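Residues per chain, in single letters:
Number of protein chains: 2
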Amino acid sequence: MSREKKPKQLLSIIGTETLLQQTVARVLPLIPREKIFIVTNASLADEIVSQLFTHFGGSWKSQLIIEPEAKNTAPAIGLAAIHLERIDPEEVMVVLPADHVIQNPKKFLEILLEAEQAAKQGYLVTLGITPTRPETGYGYIQTGESALKNTFHVKRFVEKPDIQKAKEYLSSSGYFWNSGMFVWKTNTLLQGIEAYLPNLFSSLTEIQKSIANKTVKKTAELAFSKIDSVSIDYGLMEKASNVVIIPADMGWSDVGSWDALEEVMPKDSSGNVTIGNVLDIESSNSFLYADRRLVATLGLKDTIVVDTPDATLICSKDRAQEVKKIVSELKKRNAEEYLIHRTIYRPWGSYTILEESERYKIKRIVVHPGAKLSYQMHYHRSEHWVVVSGTARVTNGDREYDIHPNESTYIPVSTKHRLENIGKIPLQIIEVQNGEYLGEDDIVRFEDDYARQEGWPLLPEIPT
Amino acid sequence: MSREKKPKQLLSIIGTETLLQQTVARVLPLIPREKIFIVTNASLADEIVSQLFTHFGGSWKSQLIIEPEAKNTAPAIGLAAIHLERIDPEEVMVVLPADHVIQNPKKFLEILLEAEQAAKQGYLVTLGITPTRPETGYGYIQTGESALKNTFHVKRFVEKPDIQKAKEYLSSSGYFWNSGMFVWKTNTLLQGIEAYLPNLFSSLTEIQKSIANKTVKKTAELAFSKIDSVSIDYGLMEKASNVVIIPADMGWSDVGSWDALEEVMPKDSSGNVTIGNVLDIESSNSFLYADRRLVATLGLKDTIVVDTPDATLICSKDRAQEVKKIVSELKKRNAEEYLIHRTIYRPWGSYTILEESERYKIKRIVVHPGAKLSYQMHYHRSEHWVVVSGTARVTNGDREYDIHPNESTYIPVSTKHRLENIGKIPLQIIEVQNGEYLGEDDIVRFEDDYARQEGWPLLPEIPT
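Chains as they are written, first to last, in my numbering: chain H, 1 to 464; chain E, 1001 to 1464.
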């Protein structure tokens, strides 16, 4: 289901919300939206802003922190910390991966409040998940003495174990999965980075010094290019002495594999999890996932089926961990499927490719109320637009006019044009492109509300 | 893969040709096209004519025999026989189901020539398939003494056996599968029907007498409504004394189930049959069929996967015979998937539904060169047409005009209109329908090249 350009954070795997939307919604009862920041790489920023707008309304552009380069979690968290430090170094910071499922959000919030208490006392707090299977794909944490109510000192961090060790940890109490969720005061974290990751700390300091400068993005890019890739677990948590763990039993899954997800899902009497348009006859212990298309299954055992608009995966459950092999095989074949889904998000909305052939391409385009696409031109394609809902303001060469549902217009090749939703409901148009070349890169942008010519800023402005 | 409105005869399961097209192509070296007739029900006639045109060119309208009602094989074959009798009662008639795969067509033609020799001597000839598995889904024929070269008298017909009997038949020689393929002189057949199915014979005689009348279709409908449903095997072959069998070993499959098809397909070293866009990692003894979408499989064993544009089937191989359960479950749910595929054939070409929602529907329409749709009108929808290849002549209210690739036009609601391909290559248009009701039954036809207001004639005219 996830692809290089569509990681699982941005998918709605359970229910209609995406994992990112669920993650934000989960903390909103405790944390106001202006204090929620998303650390991401620039290529996903458009879709993140679009998803959060769609679900929560308003602009989320000033909630994004753009990591210049992927260098694992320590530099990404560090970058967020220097932004938060400018707001209030004493405030408690919560680090949450945006690709987790938590079936009991109420319990989750209670645990966050406990963690906040520990963080305020200067601890680096990690949330530990009670193991439910002998998982070999996670690190484990062994608890030591009690520190506070429901909070324990950490005896040791354990690397991903083999199956025998994993079974031992499952049967003995005191071992927890390392969830990657952390709570600490911003300055406690930065002190830890200074002590245990001094090179990272000096890079962050360098970036922080130039925050007011126009060159901050270049500075950060240069700094990140030199920073070592290191996880916050390995770089800091395993070494620091002020680390505590709070056991968290809240229906957690990192959705890292289909069997990890399956475990937190409700099952029928034959042990099947079925989601979506599935017609099953007498399968057992299977995970059956359909999107809009029909998936019919008959007599399957211990099988995983995942159907998406452009591809279907069927795999034996005991080999769920090997799905990456399919991705690397597709990479070798240079197949488009590993990269993209049919729906592509943009800051102004989204488009879905309905059909492609050599000479034409058909898209459904959805534009948010008030949003407009860039003022643009194509050298190789003309476009027919038919409005199916909402009102479109069209700039077409020298003319500007509005079109309504059941009206259409034609944008000739090499003609400057713009599409804007001037209404209050989403604008949906069907676009038929004709031309000898239909690549997305045949676009010349003259004006753009989303500054895509310059790219995203490193850090948001701090409101004065 | 097959549906009520798209039986397997009309599907391309192996290669690009449909089973119907393959069946016709297979006999063309021996039988000229004007002597090939297709017995069908009226609801499939449009698509049959369209498929044969697409593959072989020319009109096939006068090659169709329309059974008024499904009454099993004896009445259908009898109806064809009274048509052939008018051409030449002494000529040899070959009866071939249009949904068989034959991997060795050369051998098949050799066998037909042998069968012709036997038929000319007044035999009712049936082709028997050498069993390759203990199949319980077929009838068997036990051979008796030799009649001619490679031709045997029939000792007895055996009903579908249980698995133990089927295993016996497989190990003893002299038992063959009843393939449903027959060869005989038209008058030999009609004499057999007269002797063993006298009621059917008198109904056929009644229809024959009124062939020149305008009322023949009504006569036939009335006659068929009273005829007993009976197979030619049970009604005639098992009773007649002049029946012979020719063993036919030619890579035959009736594609009656996925495992029946699998048997005649080439396998890889792990015993998998893979067709289409399949990416498999380490599956074994599985049948993996993809259409255009990607199907990725990992570690499957003895599993059947069949992917089509609107649905995917995944089933354990030992339960392949139970796929009908899915169909009946879908029927109960009143699901559209059991009825149709996304591409619908019409006598003028075809259309494919690309997307549907409550207020709009998008179709790709393909019109054969020279063909035109009916002169029609819709009360609830307007249509936008964008030409993507070929040239369209459009009648739109009072106006008539041509549109070319990259041009579009708009048909308002309640406006009489017509679409015609006046060019030499297929016309492709993208249609965007808008309206409050988008059902296919919102159509008023004023003129139609395909006489769809009156329906198909029972039998073709005989050229004078």
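Keep in mind the hints are simulated off the structure, nothing from the lab.
In this text the structure is predicted, and so the values were computed from the model without any measurement.
Ideal placement from N, C-alpha and C gives every residue a C-beta, glycine not left out.
Please note that a few of the clues may not be correct.
[To be verified] Pulled a few chain H residues facing chain E out of the computed Cβ check, cut under 10 Å: (1) E238; (2) S241; (3) I275; (4) L279; (5) I304; (6) Y351; (7) V432.
Status of each hint after checking the structure:
no. : hint : result
1   : E238 : violated (34 Å)
2   : S241 : violated (44 Å)
3   : I275 : violated (14 Å)
4   : L279 : holds (6 Å)
5   : I304 : holds (9 Å)
6   : Y351 : violated (13 Å)
7   : V432 : holds (4 Å)
Violated hints for the displayed structure, listed by number in ascending order: 1, 2, 3 and 6.
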